[in-house]
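Turn these sequences into a full structure, and let the hints steer you where they fit.
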Amino acid sequence: MNYIIGAFKPPCTISITFADGKTRKKASVKKDNGQTAMVPLFESKENIVGEVIIEPMHGKKVEHNGVKIELLGQIELYFDRGNFYDFTSLVRELDIPGDLYERKTYPFEFSTVEMPYESYNGINVRLRYILKVTINRNYVSNIVEYQEFCVRNYTPLPTINNSIKMEVGIEDCLHIEFEYSKSKYHLKDVIIGKIYFLLVRIKIKNMELEIRRRESTGSGPNTYVETETLAKFELMDGAPVRGESIPTRLFLSPYELTPTYRNINNKFSVKYYLNLVLVDEEDRRYFKQQEVTIYRLQEES
Amino acid sequence: MLTDAEDEEKWLAEGIAGIQHNAFYMHRALDSNDLRAALRYSVQMLSELRTSLLSPNKYYELYMRAFDELRKLEMFFREETARDAISIVELYELVQHAGNILPRLYLLCTVGSVYIKLKEAPGKDVLKDLVEMCRGIQHPVRGLFLRSYLCQISRDKLTGIGSHFEGDADLINDAVEFVLQNFTEMNKLWVRLQHQGLTREKDKREKERGQLRDLVGKNLHVLSQIEGIDLDMYKETVLPRVLEQVVNCKDELAQHYLMDCIIQVFPDEYHLQTLETLLTAFPQLQPTVDTKVVLSRLMERLSIYAASSTEVLPEFLQVEAFAKLSNAIGKVIEAQVDMPIVGAITLYVSLLTFALRVHPDRLDYVDQVLGACVKKLSGKAKLEDTKATKQIVALLSAPLEKYNDIATALKLPNYPRVMDHLDNGTNKVMAVVIIQSIMKSNTSISSADKVEALFELIKGLIKDTDGAQDDELDEEEFKEEQNSVARLINMLHNDDPEEMLKIICTVKKHLILGGPKRLAFTIPSLIFSALKLVRHLHGQDGDAIGEEVAATPKKIFQIVHQTIEALASVPSPELALRLYLQCAEAANDCDLEPVTYGFFTQAFVLYEEEVADSKAQVTAIHLIIGTLQRMNVFGVENRDTLTHKATGYSAKLLKKLDQCRAVYACSHLFWVDEQDGIRDGERVLLCLKRALRIANAAQQMANVTRGSSGPVILFVEILNKYLYFFERGNPQITSSLIQDLIDLIKTETQSDSTSDPSANAFFACTLRYIEFQKQKGGAMGEKYEPIKA
Numbered sequence: 001m002n003y004i005i006g007a008f009k010p011p012c013t014i015s016i017t018f019a020d021g022k023t024r025k026k027a028s029v030k031k032d033n034g035q036t037a038m039v040p041l042f043e044s045k046e047n048i049v050g051e052v053i054i055e056p057m058h059g060k061k062v063e064h065n066g067v068k069i070e071l072l073g074q075i076e077l078y079f080d081r082g083n084f085y086d087f088t089s090l091v092r093e094l095d096i097p098g099d100l101y102e103r104k105t106y107p108f109e110f111s112t113v114e115m116p117y118e119s120y121n122g123i124n125v126r127l128r129y130i131l132k133v134t135i136n137r138n139y140v141s142n143i144v145e146y147q148e149f150c151v152r153n154y155t156p157l158p159t160i161n162n163s164i165k166m167e168v169g170i171e172d173c174l175h176i177e178f179e180y181s182k183s184k185y186h187l188k189d190v191i192i193g194k195i196y197f198l199l200v201r202i203k204i205k206n207m208e209l210e211i212r213r214r215e216s217t218g219s220g221p222n223t224y225v226e227t228e229t230l231a232k233f234e235l236m237d238g239a240p241v242r243g244e245s246i247p248t249r250l251f252l253s254p255y256e257l258t259p260t261y262r263n264i265n266n267k268f269s270v271k272y273y274l275n276l277v278l279v280d281e282e283d284r285r286y287f288k289q290q291e292v293t294i295y296r297l298q299e300e301s
Numbered sequence: 001m002l003t004d005a006e007d008e009e010k011w012l013a014e015g016i017a018g019i020q021h022n023a024f025y026m027h028r029a030l031d032s033n034d035l036r037a038a039l040r041y042s043v044q045m046l047s048e049l050r051t052s053l054l055s056p057n058k059y060y061e062l063y064m065r066a067f068d069e070l071r072k073l074e075m076f077f078r079e080e081t082a083r084d085a086i087s088i089v090e091l092y093e094l095v096q097h098a099g100n101i102l103p104r105l106y107l108l109c110t111v112g113s114v115y116i117k118l119k120e121a122p123g124k125d126v127l128k129d130l131v132e133m134c135r136g137i138q139h140p141v142r143g144l145f146l147r148s149y150l151c152q153i154s155r156d157k158l159t160g161i162g163s164h165f166e167g168d169a170d171l172i173n174d175a176v177e178f179v180l181q182n183f184t185e186m187n188k189l190w191v192r193l194q195h196q197g198l199t200r201e202k203d204k205r206e207k208e209r210g211q212l213r214d215l216v217g218k219n220l221h222v223l224s225q226i227e228g229i230d231l232d233m234y235k236e237t238v239l240p241r242v243l244e245q246v247v248n249c250k251d252e253l254a255q256h257y258l259m260d261c262i263i264q265v266f267p268d269e270y271h272l273q274t275l276e277t278l279l280t281a282f283p284q285l286q287p288t289v290d291t292k293v294v295l296s297r298l299m300e301r302l303s304i305y306a307a308s309s310t311e312v313l314p315e316f317l318q319v320e321a322f323a324k325l326s327n328a329i330g331k332v333i334e335a336q337v338d339m340p341i342v343g344a345i346t347l348y349v350s351l352l353t354f355a356l357r358v359h360p361d362r363l364d365y366v367d368q369v370l371g372a373c374v375k376k377l378s379g380k381a382k383l384e385d386t387k388a389t390k391q392i393v394a395l396l397s398a399p400l401e402k403y404n405d406i407a408t409a410l411k412l413p414n415y416p417r418v419m420d421h422l423d424n425g426t427n428k429v430m431a432v433v434i435i436q437s438i439m440k441s442n443t444s445i446s447s448a449d450k451v452e453a454l455f456e457l458i459k460g461l462i463k464d465t466d467g468a469q470d471d472e473l474d475e476e477e478f479k480e481e482q483n484s485v486a487r488l489i490n491m492l493h494n495d496d497p498e499e500m501l502k503i504i505c506t507v508k509k510h511l512i513l514g515g516p517k518r519l520a521f522t523i524p525s526l527i528f529s530a531l532k533l534v535r536h537l538h539g540q541d542g543d544a545i546g547e548e549v550a551a552t553p554k555k556i557f558q559i560v561h562q563t564i565e566a567l568a569s570v571p572s573p574e575l576a577l578r579l580y581l582q583c584a585e586a587a588n589d590c591d592l593e594p595v596t597y598g599f600f601t602q603a604f605v606l607y608e609e610e611v612a613d614s615k616a617q618v619t620a621i622h623l624i625i626g627t628l629q630r631m632n633v634f635g636v637e638n639r640d641t642l643t644h645k646a647t648g649y650s651a652k653l654l655k656k657l658d659q660c661r662a663v664y665a666c667s668h669l670f671w672v673d674e675q676d677g678i679r680d681g682e683r684v685l686l687c688l689k690r691a692l693r694i695a696n697a698a699q700q701m702a703n704v705t706r707g708s709s710g711p712v713i714l715f716v717e718i719l720n721k722y723l724y725f726f727e728r729g730n731p732q733i734t735s736s737l738i739q740d741l742i743d744l745i746k747t748e749t750q751s752d753s754t755s756d757p758s759a760n761a762f763f764a765c766t767l768r769y770i771e772f773q774k775q776k777g778g779a780m781g782e783k784y785e786p787i788k789a
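Just so you know, the sequences run in chain order A and B. Note that the first sequence covers residues 1 to 301 in full-length UniProt numbering. Note that the second sequence covers residues 1 to 789 in full-length UniProt numbering.
Hints were generated in silico from the structure; no laboratory data involved. What you are looking at is a predicted structure, and each value in this text was computed from that prediction instead of being measured. By construction, the Cβ of each residue, glycine as well, lies at the ideal position given by its N, Cα and C atoms. Heads up, a few of these hints could be off.
Claimed, not checked - Derived coverage of chain A by chain B (criterion: at least 3 residues anywhere in the stretch with Cβ under 8 angstroms from a Cβ of chain B; other residues may be distant):
| # | stretch |
| --- | --- |
| 1 | 221-235 |
| 2 | 245-253 |
Unchecked claim - If we take Cβ atoms under 8 angstroms as the criterion, some of the chain B residues that face chain A in the derived model are:
| # | residue |
| --- | --- |
| 3 | E93 |
| 4 | M133 |
| 5 | R142 |
| 6 | G143 |
| 7 | T386 |
Written out as structure tokens, the structure is:
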């Protein structure tokens, strides 16, 4: 029996390590089975250097038609499960065809890799980067090993960052003017603003600010849009009178945001909105939504 | 179904349970230094405060529970930052992650308190941030409590020695700015509370607002405790800002409470120096605000302040406190058209009290107040409102009490004019008060002018007021009033006869108008007062009386004469008669024969014409006889006329009994024991004989009409007269005459079975007296020897 089982077991183990794996920052990634794993973190144009170690099972010989390592950037749309769009694909040949008798180490290096998109794990879409090692074999299936890693790209401070200022209202009922200090926020930013009540004829119970994420996937008739409310932040309790101004200060750090992604490889977009909601005593909601851009600012460390 | 109150109890209990539950977990987190868990549970705990179900009272209970827990949390924050587990800046951000605003802000304030204490950031920035962020709570009750919490936790940082803001002027400015802003916001919320909810529950809400007022007031209290606020800053910043808020909020309850609060919490010295600013706010308040209470309290405080030390008095003068107050009151009254008259008067009372306490030497101030009051009252009918009347009485009594001297009040020209506005009853009461004040202080009023003024004041008592109805006049009260007037007359005195005469004339002038009822009470006093003057003049006779002296006894007697005439025409003849006799006696003392004669004539005329009642006649005749007996000015002729008259009238009395007694009394007219007295023994005997005859006649009449013997007592009485003259040495009265009379009486008593026991006793005593004289021996004993008892 052992011999039969042995026939299905891979005849060797493959491990992929990064050269600076011990010191490199890591990020948590959600795996398919729902568990989270810590994976190394890269940004675009970094050198991805490491080693692949192939260790045949004791006393076994691995025949192969060559060993290669690929760096893949993939977009996976859930409604189109199983199909990956590789927007990046780099290959390095590690070995010419031959036999492996003992443990062998292959160093590899991808220099200044263009990784324009960030890793993303959304509701309908996933964008990920993997290293894929393949041992090609005749007659039997190839032996494949994956190593995922995470990519984040940082944006410098925007040179133009206008405030958002707007007057909205319902005639003879409610007029407010709100102002957010910026239109572009980094992930650890604070939304500072003010809401002026110019006219209040309804009995307001409270007011809150929501952060909403809109993820749209696909294109044309096959567009799927998912909206999530990531934050509900109460700004005001009770009914204001005319002339009142209510301060806003919302820290973004507690929320799991990503930067805004616009039309990633024509496959998907992720946008963020601030939604100001006023609730009256009959629980009617009055709201005004406003897009803001979220970006990732290089953290000083 | 549960009632509202039960419901509320239930909600409160649930809220408390919620707080306790979360506080328990919070404590556990604190014990294990688990900051995040502590924050999580504290947020849940504070979420209980988000309820809208409780009335302010119950909400306060809930708040206090949470407050206690927050103290512990604050301690924890302090420890955490002290051991560098987390920086205060991080903490300050961390607590702001809470999604619900109310717990978030409570936590923010709590961390803010630690933040300021650590001095890592300028305290003012933190405070400014806190007070600004608190705007997020627009719900009145929750907002008030949150801001009250803010006020509470910042308090120890702002006030007291070693506060974080002490010393530096800029810092103090910031602290003041902070408190003022918090105050303004709280007041807005408080005022807004009245517009919440249903209209029909307005009363209930006003009550609830009343319960919350101290939360707002606490800010002012904190302001007053900030050490660094000096007068300039108070004047320039604090007061104007506070007043601006008070005036602009246009809410009755708030304005009343806050004005009061300002007055109570800030030092008197500041009030004095900023009086003008403070006072200008009053006319701008809502018309319904009970300004008088507040203003009164201000004036009271200032007057107490003035009394506290003499050093502060110049300050009052310097700032012209009185003028400003007076002015302000005028404006308030002007501005508040609907203010009831009682309100205005109450204000004047307060102002007057202030003036009296602070400027006791400035009578003109007092008069000014009264004048203003008169102006306010003028053009209105007499006051109907009892409260207002009471206030006027208070207004008028104040100077009396203060100066304890009516003379001062008399100097106030507006005083009587105020009195004019009282209704009759009160006017009288006030007059009585004035009189009592005079009595109490025992001041004599010593000039005719003052008397004039005084009578102007008490004219309610002196004469009938126009259109007054006497129907429901209380007899007792009336007597009391008039008696007090009578007493008052005795207090009018001046040693200078001329002035005294003037006083008397003045008094007379007023009293004469008094009408029949009053004269009887008041005239006697006046007469006696005048007679006193006469005697006084007589006493210094000779040297003092120059040529052109107005105040001669004669002149006085003329006046007296006229006065009594008035009384006689009232008619009150018996009283007039008595007074005539008194005058006659006085005139007799002054050796003015014609005058005396004149008075007697008047007395007799009255007797003849006016005294009709037989009993009154008896009394009158006895009085006449008594007075006449003491006269010594008369020449023989005049005396004869008068005595003749007297005896004549005596014999003409109706009842024999009275006749008899009057006649034997007349016997004294002929025997005056004094030096140079007339001693006409014969006529004495004549009188007595006549009396005996009348007694006999009475005896007989009794026999005829009732079949019993008449009163033996008359005989015994006559016997006593005999004995009197016998002892005085009247030669006409002999022992044999007496013996005869005794025998007569004896037979009478024996024959009469139904004898009068008192008469018998009297007779027995008389006999015993005779025996006693005999045994005593001496000249008198010998004289009595022949008489056998």
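Checked hints:
no.	hint	in the structure
1	221-235	holds (count 5)
2	245-253	holds (count 6)
3	E93	6 angstroms, holds
4	M133	6 angstroms, holds
5	R142	6 angstroms, holds
6	G143	7 angstroms, holds
7	T386	44 angstroms, violated
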